[in-house]
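Colleague: Chain by chain, the residues:
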Amino acid sequence: MPKKHVLSILMDNNSGVMLRIAGLFSRRGYNIESIAAAQTENPDVVRMTIVTNGDADTLEQIDKQLSKLVDVREVRVMTSENSVKREHVIIQAGNSEENCASLIQVANLFRANIINVSEQSLMLELTGKPRKIDAFIQLVKPFGIKKMMRSGLLALERE
Amino acid sequence: MKLTGAQIILECLLEQGVDTVFGYPGGSVLNLYDAIYEYRDRIRHVLTAHEQGAAHAADGYARATGKTGVCIATSGPGATNLVTGIATAHMDSIPIVAITGNVPVSSLGLDSFQEVDITGITMPITKYNFIIKDIADLADTIRRAFEIANTGRPGPVLVDIPKDITANTYEYTRREIVKPDNYSGLAADAEYEQVAELIRSAKKPFLYTGGGIISSGADQAMKKFAELVDAPVSSSLMGQGGFDNTDPRYVGMLGMHGTVASSKAVSECDLFIGIGTRFSDRVIGDIVSFAPKAKIVHIDIDPAEVNKNIKVDYQLIGDVRYVLDHLNLMLEQQSHSDWMDRIKEWKKEFPLHVAEEYGELVTPQYVLETLDELTGGDAIITTEVGQHQMWAAQYYDFKAPRHFISSGGLGTMGYGLGASLGAQVGRPDKQVINVAGDGSFHMNCNELVTAYKHNIPIIELLFNNNVLGMVRQWQRLFYGKRFSQTTLDRNTDYMKLAEAYHIPAYRITKKEEVRDVLQKALAHDTPVFVECVIDQDINVLPMVPAGAAIDKPILDIKIDDE
Numbered sequence: 009m010p011k012k013h014v015l016s017i018l019m020d021n022n023s024g025v026m027l028r029i030a031g032l033f034s035r036r037g038y039n040i041e042s043i044a045a046a047q048t049e050n051p052d053v054v055r056m057t058i059v060t061n062g063d064a065d066t067l068e069q070i071d072k073q074l075s076k077l078v079d080v081r082e083v084r085v086m087t088s089e090n091s092v093k094r095e096h097v098i099i100q101a102g103n104s105e106e107n108c109a110s111l112i113q114v115a116n117l118f119r120a121n122i123i124n125v126s127e128q129s130l131m132l133e134l135t136g137k138p139r140k141i142d143a144f145i146q147l148v149k150p151f152g153i154k155k156m157m158r159s160g161l162l163a164l165e166r167e
Numbered sequence: 004m005k006l007t008g009a010q011i012i013l014e015c016l017l018e019q020g021v022d023t024v025f026g027y028p029g030g031s032v033l034n035l036y037d038a039i040y041e042y043r044d045r046i047r048h049v050l051t052a053h054e055q056g057a058a059h060a061a062d063g064y065a066r067a068t069g070k071t072g073v074c075i076a077t078s079g080p081g082a083t084n085l086v087t088g089i090a091t092a093h094m095d096s097i098p099i100v101a102i103t104g105n106v107p108v109s110s111l112g113l114d115s116f117q118e119v120d121i122t123g124i125t126m127p128i129t130k131y132n133f134i135i136k137d138i139a140d141l142a143d144t145i146r147r148a149f150e151i152a153n154t155g156r157p158g159p160v161l162v163d164i165p166k167d168i169t170a171n172t173y174e175y176t177r178r179e180i181v182k183p184d185n186y187s188g189l190a191a192d193a194e195y196e197q198v199a200e201l202i203r204s205a206k207k208p209f210l211y212t213g214g215g216i217i218s219s220g221a222d223q224a225m226k227k228f229a230e231l232v233d234a235p236v237s238s239s240l241m242g243q244g245g246f247d248n249t250d251p252r253y254v255g256m257l258g259m260h261g262t263v264a265s266s267k268a269v270s271e272c273d274l275f276i277g278i279g280t281r282f283s284d285r286v287i288g289d290i291v292s293f294a295p296k297a298k299i300v301h302i303d304i305d306p307a308e309v310n311k312n313i314k315v316d317y318q319l320i321g322d323v324r325y326v327l328d329h330l331n332l333m334l335e336q337q338s339h340s341d342w343m344d345r346i347k348e349w350k351k352e353f354p355l356h357v358a359e360e361y362g363e364l365v366t367p368q369y370v371l372e373t374l375d376e377l378t379g380g381d382a383i384i385t386t387e388v389g390q391h392q393m394w395a396a397q398y399y400d401f402k403a404p405r406h407f408i409s410s411g412g413l414g415t416m417g418y419g420l421g422a423s424l425g426a427q428v429g430r431p432d433k434q435v436i437n438v439a440g441d442g443s444f445h446m447n448c449n450e451l452v453t454a455y456k457h458n459i460p461i462i463e464l465l466f467n468n469n470v471l472g473m474v475r476q477w478q479r480l481f482y483g484k485r486f487s488q489t490t491l492d493r494n495t496d497y498m499k500l501a502e503a504y505h506i507p508a509y510r511i512t513k514k515e516e517v518r519d520v521l522q523k524a525l526a527h528d529t530p531v532f533v534e535c536v537i538d539q540d541i542n543v544l545p546m547v548p549a550g551a552a553i554d555k556p557i558l559d560i561k562i563d564d565e
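Chains as they are written, first to last, in this note's numbering: chain A, 9 to 167; chain B, 4 to 565.
In short, the hints are calculated from the structure, not lab data.
Any given hint could turn out to be false.
[Claimed, not checked] Derived DEER-like restraints, expressed as beta-carbon distance ranges:
(1) B/E174 <-> A/I145: 51 to 61 Å
(2) A/D63 <-> B/P127: 18 to 28 Å
(3) A/E167 <-> B/G69: 44 to 54 Å
(4) A/D63 <-> B/G112: 32 to 42 Å
(5) A/K155 <-> B/A549: 48 to 58 Å
(6) B/G550 <-> A/D142: 40 to 50 Å
(7) B/D316 <-> A/D142: 34 to 44 Å
(8) B/T172 <-> A/D142: 54 to 64 Å
(9) A/D63 <-> B/W477: 27 to 37 Å
(10) B/M333 <-> A/D63: 28 to 38 Å
(11) B/E174 <-> A/K11: 51 to 61 Å
(12) B/L377 <-> A/L27: 44 to 54 Å
(13) A/K11 <-> B/T172: 52 to 62 Å
All residues carry an ideal CB built from backbone N, CA and C; glycine is no exception.
If we strip away everything but chain A, and leave its shape as in the complex, we get:
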């Protein structure tokens, strides 16, 4: 049965490293649902969180094929038991002064921050588990989402 899997990958910060990972997924037919990557405290090392889906055999192959890449230092499968997962979203929404007032109520309910205010719309940010982000987007939708950006899932293993 295909299932969602979260992988945390540590890799050398070499040029083209994103292309190597994306290329591997594409040529072997693995899915990428989201991908998030940035330097770690060590500028020579990048950490990437990939959300993929597939059955257990596919996950085993993804893990092994990633581990074979010269730039990859470590691949870990993130589960709800061993890790913490968060996502960040920025949404520009609202289409009148009145509905902006109600939108602020929704934002408060989720403890989202208002990070930009214009005449007829607001820009909101929220960090949380993906399910919370999904729920937030659902509730904001009726106010008219002008544009939005999700970070993709970030995951880190607990010590």
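With chain A held as given, fit chain B onto it using these hints.
Modeller: Just chain B, lined up with the frame of chain A:
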């Protein structure tokens, strides 16, 4: 000392013990070729007719010698012409280092003349690749390229070097290089014990060897293992020569054109051990009916190959020689005389053969068996891709590793001639023979000029059937004999072609000429061309159609045209 980038590249090649490179000059590698001129007494440069030939030659050199093959090409089309050669090496895990020039760093990304993103292009077909943008990184990158190519499962590495990097100067200090030592493994003692126990309790074990036996130098360990386990041994195309084909335990190739004895034994065995192999689709055919009664053990250096193409019950990850040495120490002598007797009967009952109806016509079987006899099975045989390739694997008895050189994974027509040049340059002590078909020959026949120019004394043994025989065979079986675009009838006069290249040539049209012509060809110390005219409907048998169960091979194909 301060050296130019070009000199640093050659110094780094010398550090690695490289004495031969294959290549073709051009604008972006002018500096490098200027240094090659300077270093010509220490590094032999073999100029090919085409960069693809250089890549195949580097690959053939690596396969024949066990060393790293090196090829050089300029930017743009020079680099893209290497691509098929690099992909060929990648599919067969062959260590080569490809060095390409590129436009100067300041011109990169501007669609400059002869600029191409060769690292982007070759990313999926190299083990790793580099583009060097700072001369400070040059020496260590070349060293790293050789290290990656030879660590663990080998493979090709490309280093792309912009022109200004080769012109600039930088401090260089010679480094002593230690070749990567792969002799190690990841499997735990308990895993070894499990497999040893499995071997002890097996009644009908079957051993299957791949190219990993050759790349890890495990042929002797394999011989001992087969003796201890007392089991039949089969081989993939890539594994040819990893186990002596004349050993009584050898049952022939396994898979699409494997022997009947092999497929019967696989279907009957209770323990199947795959060693240094990736279980190619050309070998397993239908996954469900493959080795249905057996526990499957997989021994390989690359963990990603385990459970990729076939689910296995046990795995031992590590260098194949290391793993086999380990098992050999643990195992007592096993004995399976009933099982081995059955194998012997199958071998006797189903020999490889070409139907007798050919009478006095020249058959590839007769030619190759005569060649085997005349060379004592000791020649290095390279091949192109197609029917002749399978015949070479079937009818020449390979006794030792690095004697059968063929594009197994990618199936590259046009591979063999270039590869034969590389193999002969690397092994001047050996007779090298490229077995070709007329289709493949025409893809890269330009490399005959290289054989002549450098006096590389290969024999080009061309089976001319005027058709693309393997495709024709499939068209006959699966496409209602509609021979679409496979009847060549080009009427090439090969004698004149060879003459134009100053290469002595012979033509075989009758059976009684075979021995005499082969003897004459073998006596030359220059390149020789031999054309064997054969019937267009000699098929490669047995044959298991793609994806079909291997226990039901096609043994005869009726030719009832007209």
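Colleague: CB of B/L377 to CB of A/L27, is that within 44 to 54 Å?
Modeller: holds, 52 Å
Colleague: Look at the Cβ atoms of A/E167 and B/G69 and judge whether their distance stays inside 44 to 54 Å.
Modeller: holds, 46 Å
Colleague: Within 51 to 61 Å: is that where the Cβ-Cβ distance between B/E174 and A/K11 falls?
Modeller: holds, 54 Å
Colleague: Lying within 18 to 28 Å: is that true of the beta-carbon distance A/D63 to B/P127?
Modeller: Since the Cβ atoms of A/D63 and B/P127 sit about 24 Å apart, the hinted range of 18 to 28 Å holds.
Colleague: Is 34 to 44 Å a correct range for the gap between the Cβ atoms of B/D316 and A/D142?
Modeller: With a Cβ separation near 42 Å, B/D316 and A/D142 satisfy 34 to 44 Å, so the hint holds.
Colleague: When you take the CB atoms of B/E174 and A/I145, is the distance between them in 51 to 61 Å?
Modeller: holds, 57 Å
Colleague: I want to verify a distance hint. Is the separation of the beta carbons of B/M333 and A/D63 within 28 to 38 Å?
Modeller: Taking Cβ atoms as reference, B/M333 and A/D63 lie about 35 Å apart, which means the hint holds.
Colleague: Determine whether the Cβ-Cβ distance between A/K11 and B/T172 falls within the hinted range of 52 to 62 Å.
Modeller: Between A/K11 and B/T172, where Cβ atoms are some 56 Å apart, the hint holds.
Colleague: Taking the Cβ atom of B/T172 and the Cβ atom of A/D142, is their distance within the range 54 to 64 Å?
Modeller: holds, 59 Å
Colleague: Using the beta carbons of B/G550 and A/D142, state whether their distance is inside 40 to 50 Å or not.
Modeller: holds, 42 Å
Colleague: Does 27 to 37 Å hold as the CB distance between A/D63 and B/W477, or does it fail?
Modeller: holds, 33 Å
Colleague: Looking only at beta-carbon atoms, does the pair A/K155, B/A549 fall within the given range of 48 to 58 Å?
Modeller: The hinted range 48 to 58 Å holds for A/K155 and B/A549, with Cβ atoms some 50 Å apart.
Consistency with the previously given hints is maintained throughout, with no hint failing.
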